[in-house]
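Heads up: the protein sequence lines correspond to chains A and B, in order. FYI, our numbering numbers position 69 of the first sequence as 69, with every residue one higher than the one before it. Just so we're on the same page, our numbering is the position in the second sequence counted from 1, plus 100.
Think of the hints as simulated: they come from the structure by calculation, not from any bench. Do not take every clue at face value.
Here are the simulated DSS-like pairs of lysine-lysine, each with C-alpha atoms no more than 27 Å apart in a straight line [to be verified]:
no., chain 1, residue 1, chain 2, residue 2
1, B, Lys185, B, Lys125
2, A, Lys28, B, Lys182
3, A, Lys25, A, Lys85
4, A, Lys25, B, Lys182
5, A, Lys80, B, Lys125
6, B, Lys182, A, Lys85
7, A, Lys85, B, Lys128
8, A, Lys30, B, Lys180
9, B, Lys185, A, Lys85
10, B, Lys180, A, Lys82
11, B, Lys185, A, Lys28
12, A, Lys82, A, Lys30
13, B, Lys130, A, Lys82
14, A, Lys25, B, Lys125
15, A, Lys82, B, Lys128
16, B, Lys180, A, Lys28
17, A, Lys28, A, Lys80
18, B, Lys130, A, Lys30
19, B, Lys128, A, Lys25
20, B, Lys128, B, Lys182
21, A, Lys28, B, Lys125
22, A, Lys25, A, Lys82
23, A, Lys30, B, Lys182
24, A, Lys25, B, Lys180
25, B, Lys128, A, Lys28
26, A, Lys82, B, Lys125
27, B, Lys128, A, Lys30
28, A, Lys30, A, Lys80
29, A, Lys30, B, Lys125
30, A, Lys25, B, Lys130
31, B, Lys185, A, Lys82
32, B, Lys130, A, Lys85
33, B, Lys130, A, Lys28
34, B, Lys180, A, Lys85
35, B, Lys180, B, Lys125
36, B, Lys128, A, Lys80
37, A, Lys85, B, Lys125
38, B, Lys130, A, Lys80
There are 2 protein chains.
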Amino acid sequence: MDWQQVIGLIAGGLISVSFIPQIWKLFKLKSAREISLPFTLLQLSGILMWLFYGIILSLSAVIVTNIFNAILISLIIYAKAKYGK
Amino acid sequence: MDWQQVIGLIAGGLISVSFIPQIWKLFKLKSAREISLPFTLLQLSGILMWLFYGIILSLSAVIVTNIFNAILISLIIYAKAKYGK
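Full structure from sequences and hints, please.
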């Protein structure tokens with residue numbers, strides 16, 4: 001892996017890791033009133049499009065991190081559905 | 101601009117646009133208790149790293165959309181500082 005892809009992995013990794021404290025907070029508070037549903041759905045759409053972009057340009061960092069991001073934002077959507085009233 | 105960069109612009113554009121209803125919601129509710137501060141700061145770090153990645157690989161879609169994302173996530177950090185108790 002070249003160093004540019006390492007930069008991409010760090011970038012994508014930071015985005016992926018960022019979702020974890022947010023998911024933790026929503027499930028701990030059992031509340032997601034302040035989370036915008038359009039935010040979560042547009043994030044998921046954008047993440048899936050980045051995944052497609054990564055595939056067509058063979059950018060491994062973009063592909064790997066956006067697979068994780070799709071799973072993590074889905075957990076936020078689940079929290080919103082469960083606790084978002 | 102080639103069609104791959106158009107896919108990237110749509111992907112990044114969806115992520116950028118996603119922040120708008122979230123910012124709107126926090127300022128309307130005047131509350132950001134459920135927003136995780138580590139989430140916002142890690143997002144900003146990741147966005148700045150994607151910007152760097154876009155610059156070193158000359159990916160125009162990555163550069164343009166991550167400039168917008170950096171500004172938008174900064175507004176969420178501001179909302180968290182102001183309303184996050």
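A quick look at each hint next to the structure:
{"no.": "1", "hint": "B:Lys185 / B:Lys125", "verdict": "holds, 16 Å"}
{"no.": "2", "hint": "A:Lys28 / B:Lys182", "verdict": "holds, 22 Å"}
{"no.": "3", "hint": "A:Lys25 / A:Lys85", "verdict": "holds, 16 Å"}
{"no.": "4", "hint": "A:Lys25 / B:Lys182", "verdict": "holds, 18 Å"}
{"no.": "5", "hint": "A:Lys80 / B:Lys125", "verdict": "holds, 14 Å"}
{"no.": "6", "hint": "B:Lys182 / A:Lys85", "verdict": "holds, 24 Å"}
{"no.": "7", "hint": "A:Lys85 / B:Lys128", "verdict": "holds, 17 Å"}
{"no.": "8", "hint": "A:Lys30 / B:Lys180", "verdict": "holds, 19 Å"}
{"no.": "9", "hint": "B:Lys185 / A:Lys85", "verdict": "holds, 22 Å"}
{"no.": "10", "hint": "B:Lys180 / A:Lys82", "verdict": "holds, 23 Å"}
{"no.": "11", "hint": "B:Lys185 / A:Lys28", "verdict": "holds, 17 Å"}
{"no.": "12", "hint": "A:Lys82 / A:Lys30", "verdict": "holds, 8 Å"}
{"no.": "13", "hint": "B:Lys130 / A:Lys82", "verdict": "holds, 22 Å"}
{"no.": "14", "hint": "A:Lys25 / B:Lys125", "verdict": "holds, 18 Å"}
{"no.": "15", "hint": "A:Lys82 / B:Lys128", "verdict": "holds, 22 Å"}
{"no.": "16", "hint": "B:Lys180 / A:Lys28", "verdict": "holds, 18 Å"}
{"no.": "17", "hint": "A:Lys28 / A:Lys80", "verdict": "holds, 13 Å"}
{"no.": "18", "hint": "B:Lys130 / A:Lys30", "verdict": "holds, 19 Å"}
{"no.": "19", "hint": "B:Lys128 / A:Lys25", "verdict": "holds, 21 Å"}
{"no.": "20", "hint": "B:Lys128 / B:Lys182", "verdict": "holds, 13 Å"}
{"no.": "21", "hint": "A:Lys28 / B:Lys125", "verdict": "holds, 21 Å"}
{"no.": "22", "hint": "A:Lys25 / A:Lys82", "verdict": "holds, 14 Å"}
{"no.": "23", "hint": "A:Lys30 / B:Lys182", "verdict": "holds, 22 Å"}
{"no.": "24", "hint": "A:Lys25 / B:Lys180", "verdict": "holds, 14 Å"}
{"no.": "25", "hint": "B:Lys128 / A:Lys28", "verdict": "holds, 24 Å"}
{"no.": "26", "hint": "A:Lys82 / B:Lys125", "verdict": "holds, 18 Å"}
{"no.": "27", "hint": "B:Lys128 / A:Lys30", "verdict": "holds, 21 Å"}
{"no.": "28", "hint": "A:Lys30 / A:Lys80", "verdict": "holds, 10 Å"}
{"no.": "29", "hint": "A:Lys30 / B:Lys125", "verdict": "holds, 18 Å"}
{"no.": "30", "hint": "A:Lys25 / B:Lys130", "verdict": "holds, 18 Å"}
{"no.": "31", "hint": "B:Lys185 / A:Lys82", "verdict": "holds, 24 Å"}
{"no.": "32", "hint": "B:Lys130 / A:Lys85", "verdict": "holds, 18 Å"}
{"no.": "33", "hint": "B:Lys130 / A:Lys28", "verdict": "holds, 21 Å"}
{"no.": "34", "hint": "B:Lys180 / A:Lys85", "verdict": "holds, 21 Å"}
{"no.": "35", "hint": "B:Lys180 / B:Lys125", "verdict": "holds, 12 Å"}
{"no.": "36", "hint": "B:Lys128 / A:Lys80", "verdict": "holds, 18 Å"}
{"no.": "37", "hint": "A:Lys85 / B:Lys125", "verdict": "holds, 14 Å"}
{"no.": "38", "hint": "B:Lys130 / A:Lys80", "verdict": "holds, 19 Å"}
The structure agrees with every numbered hint stated previously.
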